[in-house]
Amino acid sequence: MTTINFQDLIKILEKYEIAELENVVIDGDVEIEMLEGGGGDAAALQLAIGQGAAQIGMNLMQLAQMLGYPVGALMQPVGVPPAVGAAEAEILEKLLDEKFSVEHEKYTTAVEEVTIGATKADGGTRETTVTIGGERALPFFNYAAPMPNPIAITLDCFDMPIGLAKAVKVHYEDVMESPGEWAKKNVEKFGADMVTIHLISTDPLIKDTPPKEAAKVVEEVLQAVKVPIVIGGSGNPDKDPAVLEAAAEVAEGERCLIASANLNMDYERIAKAAMDHGHVILSWTQLDINNQKTLNRYLFKAGVNRKDIVIDPTTAALGYGIDYAFTNIERMRLMALKGDTDLNFPISCGITNAWGAREAWMKESPLKEDSDWGPREYRGPLFEIITGLTLGVAGGDLFMMMHPGAAATVKEITRTLRGDVEAKPVPIDDWVTLEV
Amino acid sequence: MKLSSPLEIYDYLPKTNCGECGEATCMAFAAKLIEREVKLETCKPILEDKFRKKYEELSELLAPEIKEIVLGVGERAIKIGGEDVMHRHQLTFFDETALVYDVWDTMDEADLVARVKAITDWQKFYVGDFLRLYGVAVRSTSNDPAKFGACVRKVLETTPLPLVLCSFDPKVLEAGLEVAADKNPLIYAANKDNWKDVAKLVKKYNVAVTLYAPADLDLLKSMAVSFEKMGISDLVLDPGTYPTGKDLEQTLQRFLQIRRAGIVEGQKDIAYPIMSVPLTTWMVYDDPVDATYWETVLADVFTIRYADIMILHSIEPYAVMIQRTLVDNIYVDPRRPVQVDPGVNVIGNPTADSPVFMTTNFALTYYTVESDVASNNIDCYILVVDTEGIGVEAALAGGQLTSAKVKDTMEKADINLEEAVTHKTLIIPGLTARISGELEDTLGWNILVGPGDSGRIPGFLEEKWPPK
Numbered sequence: 000m001t002t003i004n005f006q007d008l009i010k011i012l013e014k015y016e017i018a019e020l021e022n023v024v025i026d027g028d029v030e031i032e033m034l035e036g037g038g039g040d041a042a043a044l045q046l047a048i049g050q051g052a053a054q055i056g057m058n059l060m061q062l063a064q065m066l067g068y069p070v071g072a073l074m075q076p077v078g079v080p081p082a083v084g085a086a087e088a089e090i091l092e093k094l095l096d097e098k099f100s101v102e103h104e105k106y107t108t109a110v111e112e113v114t115i116g117a118t119k120a121d122g123g124t125r126e127t128t129v130t131i132g133g134e135r136a137l138p139f140f141n142y143a144a145p146m147p148n149p150i151a152i153t154l155d156c157f158d159m160p161i162g163l164a165k166a167v168k169v170h171y172e173d174v175m176e177s178p179g180e181w182a183k184k185n186v187e188k189f190g191a192d193m194v195t196i197h198l199i200s201t202d203p204l205i206k207d208t209p210p211k212e213a214a215k216v217v218e219e220v221l222q223a224v225k226v227p228i229v230i231g232g233s234g235n236p237d238k239d240p241a242v243l244e245a246a247a248e249v250a251e252g253e254r255c256l257i258a259s260a261n262l263n264m265d266y267e268r269i270a271k272a273a274m275d276h277g278h279v280i281l282s283w284t285q286l287d288i289n290n291q292k293t294l295n296r297y298l299f300k301a302g303v304n305r306k307d308i309v310i311d312p313t314t315a316a317l318g319y320g321i322d323y324a325f326t327n328i329e330r331m332r333l334m335a336l337k338g339d340t341d342l343n344f345p346i347s348c349g350i351t352n353a354w355g356a357r358e359a360w361m362k363e364s365p366l367k368e369d370s371d372w373g374p375r376e377y378r379g380p381l382f383e384i385i386t387g388l389t390l391g392v393a394g395g396d397l398f399m400m401m402h403p404g405a406a407a408t409v410k411e412i413t414r415t416l417r418g419d420v421e422a423k424p425v426p427i428d429d430w431v432t433l434e435v
Numbered sequence: 000m001k002l003s004s005p006l007e008i009y010d011y012l013p014k015t016n017c018g019e020c021g022e023a024t025c026m027a028f029a030a031k032l033i034e035r036e037v038k039l040e041t042c043k044p045i046l047e048d049k050f051r052k053k054y055e056e057l058s059e060l061l062a063p064e065i066k067e068i069v070l071g072v073g074e075r076a077i078k079i080g081g082e083d084v085m086h087r088h089q090l091t092f093f094d095e096t097a098l099v100y101d102v103w104d105t106m107d108e109a110d111l112v113a114r115v116k117a118i119t120d121w122q123k124f125y126v127g128d129f130l131r132l133y134g135v136a137v138r139s140t141s142n143d144p145a146k147f148g149a150c151v152r153k154v155l156e157t158t159p160l161p162l163v164l165c166s167f168d169p170k171v172l173e174a175g176l177e178v179a180a181d182k183n184p185l186i187y188a189a190n191k192d193n194w195k196d197v198a199k200l201v202k203k204y205n206v207a208v209t210l211y212a213p214a215d216l217d218l219l220k221s222m223a224v225s226f227e228k229m230g231i232s233d234l235v236l237d238p239g240t241y242p243t244g245k246d247l248e249q250t251l252q253r254f255l256q257i258r259r260a261g262i263v264e265g266q267k268d269i270a271y272p273i274m275s276v277p278l279t280t281w282m283v284y285d286d287p288v289d290a291t292y293w294e295t296v297l298a299d300v301f302t303i304r305y306a307d308i309m310i311l312h313s314i315e316p317y318a319v320m321i322q323r324t325l326v327d328n329i330y331v332d333p334r335r336p337v338q339v340d341p342g343v344n345v346i347g348n349p350t351a352d353s354p355v356f357m358t359t360n361f362a363l364t365y366y367t368v369e370s371d372v373a374s375n376n377i378d379c380y381i382l383v384v385d386t387e388g389i390g391v392e393a394a395l396a397g398g399q400l401t402s403a404k405v406k407d408t409m410e411k412a413d414i415n416l417e418e419a420v421t422h423k424t425l426i427i428p429g430l431t432a433r434i435s436g437e438l439e440d441t442l443g444w445n446i447l448v449g450p451g452d453s454g455r456i457p458g459f460l461e462e463k464w465p466p467k
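If you read the sequences in order, they're chains A and B.
Numbered as in numbering that gives the first Met the number 0, the first sequence ends at 435 without a single skipped number.
Numbered as in numbering that gives the first Met the number 0, the second sequence ends at 467 without a single skipped number.
No lab work stands behind these hints: they were computed from the structure.
Glycine included, each C-beta is placed from N, C-alpha and C at the ideal position.
Check before you lean on any hint, since a few could be wrong.
[Claimed, not checked] Sample of chain B residues with no beta-carbon within 12 Å of chain A, all distances over it, derived:
1. K1
2. G18
3. K170
4. N348
5. E418
[As the list claims (entries may be wrong)] With the C-beta cut set under 8 Å, the calculated list includes, among others, these residues of chain B facing chain A:
6. W194
7. K245
8. T324
Can you make the complete structure from the sequences, with help from the hints?
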């Protein structure tokens, strides 16, 4: 035997559009008792909502029939509702009142805060400086701990004309012959916080420019712009120590970022040059946390101050290993926050690598099975933006970039996520009906 | 999941070591379970009545922290949610952020069909397989049930992809459900005003539903708890995606907090898949390129930070390709091998005059080269050098790609290239030009410096092959 409250019964019946039964007036807190059994016409309904409820329905049908309601006609077209278990849980009258709360992440250790560039007061000639690092949580986890410094962007220039993707080249073809003019354009036209001069012509396989001449280019750039600069070698492990040593010397006191020391070269010589002439050193390893720890320890041992180290754990482009770069950076940053003082340094990322991806520069897909790739003049910059932003979310602090529009977009979104950007509120409550 | 070692799982297993699951022992099976590499139901004995209790308990313990929901039916059905970790290196992310692109019911029919086809057929070859898209969101901009129903019907005729049915009007939603309920769509959305009627619909049609509480996590949780109480547990949470300024910053904070509550604190009440709607960008920017860029930027942030499903508007190929590649890169299993086997691979039906290309055993590099030659019907050999899974440029800089390594790979390969071809010419990647001399000396082969990108191999061969 089933006992059911009349209110519940009405609710159940509402589902099957027998709402008219609400008009049946039954006084008092009625409980209707029914005997086991039944079936026949309402077998489908029974299956769907359970035997007890169906029995109630049948009995009510009889009740309604007695009151002259055409129940038979009503029951015929009602199909089998797919809802299973619908009878067990009712529609609530009002929402339950709940409060959301969550504890935030707690870490023990802050990332070192490193300043690049020195003004007159600090023995240099820069008019601005750039400070990066200092985080106490993952980037943009502002509810746990705000980011003390925004991500900084340094725009690349080179000591010789180089092959560039079309979308990039249009911005620089007028200055490629002159590193000074190139640097100036980066700052004055494109608003770069910093400039990187890559001394790639020093590579013995390119032009084998002697260190002394390379140093002159550094002087030229330092005179052309008043922002802090990054000095990059050619990446040749045999030649770079001499090149970067000469560059560090002519840039005495400017607190440049010297890029870079790595394990397969005479990193001690580069470290010493940076220390002797008052620069910050970039410690570069290839997607390997243990190597990064090892190189950093060697630098400590060589006497490099913790405030003078930025690390570059290697950037891979979207689609070309960014999963490794992302996870490598995120893991390092988490280890740093949890107390690994071999790793708590600001992170530099060579976002320009994005242009190595064929999807960034190629006119169309070489594979006929691929869907259209879309115009490369939009694709390329977006490739650089997403490579940058992704690594910014992982923990990058300083981005070396190439396309001025991409740099501007990365700056805007990373500052927005940091909470720096005011904007007119957008009413999104009814976005569904948006006409576009 | 609640368990952290195979030993804890082992306690629940039948311990028969029957091997029916394909593993030698129950312990080995337990190890696979903890890595989420196999399904518990692969163990046949535990499904027997006598183990029913253990099975139920273990199922509960193995369930992912974030509720997993299936949308759609058939081959293109998708799973969303199902996550167990905050960071991919802690295990892996499991169910890719479902990128769902919109159509609307005031579209011209021809445009509608073309757009749905474009979404359905989009593909890009990547690391040995094709990337595809996940679903179509049908928005009611007319607020007319009949129009919406007709639109959903047309979409269903055109695509096998899962649908998200979008309206705040329960009557409109029902018109869509009448057409699409058996295709297991997601309903968008219940909000503070319509939740009761939407809950009735959801119960009637037994579908998953999105709860929408913009900028109000208390309300979102209240709705989630209430729906669960009403017997509705296939829930997706949308805390609102504000496209600009501090509201966007706050949007991200909500995503971070919801997921932390679900995974780190085990708050089951809120451990559901999260939806982001970067489409709101289109409420701000008039210029379609600006809107597409910013929409992609938002898609990037919320792919990484915890959106399980996302509604987007732009189907510009340049944006879709980038959005979809990122999803793959964030969700790809970091435990998978990054290398292919070194050696000599045969593409097509090469003869003694066919070219031999060199590349590295980094999976991405290898598959790119392989697809470039295969797609252009080039019969050839590929010499896959063991660079420890590092790409060409990095391996050259890091010393994993040297002439000695190339020689070593050639000597160890099953196919003897010295015999297979008569020209003794090796085409090397353009990026390795600087070791061409060294290679010539070490191998005693002619070296031909190939293009900087393997996509240019067809043009290169036309010009330079056969060698003079």
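Status of the hints after comparison with the structure:
1. K1: At about 19 Å from chain A, B/K1 clears the 12 Å cut-off, so the statement holds.
2. G18: Its Cβ never comes within 12 Å of chain A, the nearest being 35 Å, so this holds.
3. K170: The assertion about B/K170 holds, with a minimum of 14 Å to chain A.
4. N348: 20 Å, holds
5. E418: Given that every Cβ of chain A is farther than 12 Å from that of B/E418, nearest at about 31 Å, it holds.
6. W194: 7 Å, holds
7. K245: Holds, because the Cβ-Cβ distance from B/K245 to chain A comes to roughly 6 Å (cut-off 8 Å).
8. T324: B/T324 check passes; min Cβ-Cβ to chain A is 5 Å, inside 8 Å.
Violated hints: none; the structure is consistent with every hint.
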